[in-house]
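With chain A held as given, fit chain B onto it using these hints.
Here the protein sequences come in this chain order: A and B. For what it's worth, UniProt numbering labels the leading residue of the first sequence as 1, then goes sequentially. For what it's worth, UniProt numbering labels the leading residue of the second sequence as 1, then goes sequentially.
Hints listed in this document are in silico derivations from the structure and should not be mistaken for laboratory results. Just to be clear, a hint being listed does not mean it is correct.
[Unchecked claim] Which chain A residues stay away from chain B? Per the calculated CB distances, all over 12 Å, these:
1. M1
2. E53
3. G178
4. M263
5. T388
[Said to hold, decoys possible] In the SDA-like style, the derived pairs of lysine to any residue whose C-alpha atoms are separated by at most 25 Å in a straight line are:
6. B:K86 to A:K301
7. A:K100 to A:R181
8. A:K262 to A:K110
9. B:K100 to A:F104
10. B:K426 to A:E284
11. A:K426 to B:K110
12. A:K100 to B:T119
13. B:K86 to A:T395
14. B:K262 to B:R27
15. B:K110 to A:F81
16. A:K110 to A:L400
17. A:K301 to A:D261
As the structure is a computational prediction, the values presented were derived from the model and not from experiment. Positions of the beta carbon are idealized from the N, C-alpha and C atoms, including for glycine.
Protein chains: 2
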Amino acid sequence: MIPVISYPDAATLDALFSASRLSPENRAISDSVSRILGDIRQSGEEALLSYTEQLDGVRLSRLEVTEEEINSALDQIDSDFLQVLKTSAAQIRSFHSHQKRNGFSFSPGKGILLGQMVTPLDRVGIYVPGGTAAYPSTVLMNAIPAKIAGCREIFMATPPSPNGQISPEILAAARLAGVTRIFKAGGAQAIGAFAYGTASIPAVDKITGPGNAYVAEAKRQVFGLVAIDMIAGPSEILIISDGHSSPRHLAADLLSQAEHDKMARAVLITTSSQLALQVQQSLEEQLLCLPRQEIARASLKQRGCILVVNDLPAAIQIANQMAPEHLELCVDSPFDHLPDIRHAGSIFLGCHCPEALGDYLAGPNHTLPTGGTARFFSPLSVDDFVKTSQYTYYTREAFLQAAPSVAAFARKEGLEAHGRSALIRKEEAYE
Amino acid sequence: MIPVISYPDAATLDALFSASRLSPENRAISDSVSRILGDIRQSGEEALLSYTEQLDGVRLSRLEVTEEEINSALDQIDSDFLQVLKTSAAQIRSFHSHQKRNGFSFSPGKGILLGQMVTPLDRVGIYVPGGTAAYPSTVLMNAIPAKIAGCREIFMATPPSPNGQISPEILAAARLAGVTRIFKAGGAQAIGAFAYGTASIPAVDKITGPGNAYVAEAKRQVFGLVAIDMIAGPSEILIISDGHSSPRHLAADLLSQAEHDKMARAVLITTSSQLALQVQQSLEEQLLCLPRQEIARASLKQRGCILVVNDLPAAIQIANQMAPEHLELCVDSPFDHLPDIRHAGSIFLGCHCPEALGDYLAGPNHTLPTGGTARFFSPLSVDDFVKTSQYTYYTREAFLQAAPSVAAFARKEGLEAHGRSALIRKEEAYE
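Chain A with its partners taken away, still in its complex shape:
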């Protein structure tokens, strides 16, 4: 049963949320990943095929998904679901198109022009987990922002099932979202292939997408050689209720988080101790109908809690301390409180926005910072698929005015050649 904690003190909250910060690296996972990456680096394609055989149970003769496989997936797929997929893609596209950024240029003085350009990454790799469930929503959430950014090549890697196939929903989502090449590879070995390249998979510039602890650790280890989006931990939700919400709705939303995995964290903060007990009871009732009830029950018991606090400002202060991945503001006038939220990945305003709406359909991204990292990481966005260059233009006259200051600064830092590169332009007028 989910614990209810009334009027938690600072130490209780500290203990609660510091535990959700990333734990120190797990040595066994880190060593195992390091070995896999080393093998991919050294033996490329052959190591990748061999790990795929060992871990996914299939010896592939070809890593890349063919055009025929994609067409056959599109034929197989349920037309109602295809319609939902298209609606979702359209909404995600609409939201992310607002994230497109422009460069700028301006003149801070006569003969001077400064500016910044925004350019897309050339080639990105999206990782899509396989395993027990296929997540076509992940494909849309990662590939659409890359497409909007203008990336020329959008690769996707996802582990094959033991028959060597990829789920048709995943392939359909990839086609809809603009993925250019799809590879059957999973785990740390897929991350290695993206980072180092193999005979059939060219190395990419950035790797995005969720994954298990091995995938997360592999991304951490290749960071620097390539860019990565973020290091994802277990998913989490914080719901704030002022007491005017349906206990059944709140319980359903907590369960939607808890069913992800046993380490998922579902927290409710409310100003009503009566509501707290009602939600606790409704959780028990609703749990009984869930196929994944064992997972959800473990998550609620070990990682979940209901906190009763004095007032909404206290609840919001705790939210900023937790910096939750998902935040539902189930309160009257939710927009009144939005400016007070300093740290949260995705915010759901009011009582008619369950997190699941954002997971699938609303349009904002569902790849979000977890474990308190919303303090410094952002939701996945078009920004992840572009980078900037800055530029400087000075006319000769403008530069000659600046040269003495440049030289003075350089010499103060002990860099004589820097100073000379400025002053030499004063000494001689070269045409």
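Chain B in isolation, oriented as in the chain A frame:
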């Protein structure tokens, strides 16, 4: 002597630039950093003081720089240099203020509002190297963007000299740039203190700034627990000249890069083999006058080169392959070529913009991606000190329309509780 390579083939270029990509982690450095970080994590303040004694040669009784120390630095500092520092700070502020971003919100349908907020990081830590030279420009380039972003707390760490002091220029720059607290700590131990916190240094949300291989590795290891800007390698410049530039100017600019360290890389690409030889000769002449000539000579010989190519498009193609940290376009009509530059950190247009102008005065940032990482990393900017949150608001009517699609998608992914959190809102109208 710098090598001249005429009409390099693809294999030569590949070998040249793949070597500049980040090398696999150095095991000795990585283990040593891992030990230091572990000690800081476990023993905090005491470990930090002890490493400072061991590595910087001074036992400090207090890590934080006092107000008196800062005031005394401001009294000591040369007034001409203070003026240069102020000019530089003003130009950096002017450029970076153009990077401030707004959120957005829009309605994609009746009863729906979606948006994105941009919020500053609460507390950031800037690392400023010490050692042989003090770099006040680094302080300005890191702290000013953080200040413009709106960070409440801007910490700085820099190693003390053996007498326990910090250079007055560094302290003056910190005061000018808006640094809120300054700590005497260097190396991997300073990065550990920022990441984990100690008794006197609260943990920060993001660490930025350059450093040696130990600092870079420490940043890599704490990434995820905190954010970092990028992992910096040796500095580099690529100059493209169409043959109409002064060989002495080009040589001076190459030397300003080469004097940084022996691993720095200075490359010139030109369409004129006559110019190539003139620059080669001028380098030898100018080297003789440089205090750091030994370093510069080693850098030019081992890591530098002059490439002669057929035409400007060939030069630009090589630039995009190298993705240089600094790119000087010493050509007529440089703006004609700007749109063709896909990957470069900072671009200097025309023959009157030596890189040193950008290092100190022009305004664009000098903390730039190196070793080919300009393919995916950006120059340090205000973006580094903010993060975003996305939000979703649906009225009840709008949500009830969307609910079936949400549930269909969730069930296709095998997440029943997600589906129920949508459908339960259809079943009962709660007020």
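Tested hints:
{"no.": "1", "hint": "M1", "verdict": "17 Å, holds"}
{"no.": "2", "hint": "E53", "verdict": "26 Å, holds"}
{"no.": "3", "hint": "G178", "verdict": "19 Å, holds"}
{"no.": "4", "hint": "M263", "verdict": "16 Å, holds"}
{"no.": "5", "hint": "T388", "verdict": "4 Å, violated"}
{"no.": "6", "hint": "B:K86 to A:K301", "verdict": "58 Å, violated"}
{"no.": "7", "hint": "A:K100 to A:R181", "verdict": "24 Å, holds"}
{"no.": "8", "hint": "A:K262 to A:K110", "verdict": "63 Å, violated"}
{"no.": "9", "hint": "B:K100 to A:F104", "verdict": "11 Å, holds"}
{"no.": "10", "hint": "B:K426 to A:E284", "verdict": "21 Å, holds"}
{"no.": "11", "hint": "A:K426 to B:K110", "verdict": "64 Å, violated"}
{"no.": "12", "hint": "A:K100 to B:T119", "verdict": "18 Å, holds"}
{"no.": "13", "hint": "B:K86 to A:T395", "verdict": "23 Å, holds"}
{"no.": "14", "hint": "B:K262 to B:R27", "verdict": "21 Å, holds"}
{"no.": "15", "hint": "B:K110 to A:F81", "verdict": "24 Å, holds"}
{"no.": "16", "hint": "A:K110 to A:L400", "verdict": "12 Å, holds"}
{"no.": "17", "hint": "A:K301 to A:D261", "verdict": "12 Å, holds"}
The structure is inconsistent with the numbered hints 5, 6, 8, 11, although it conforms to all the rest.
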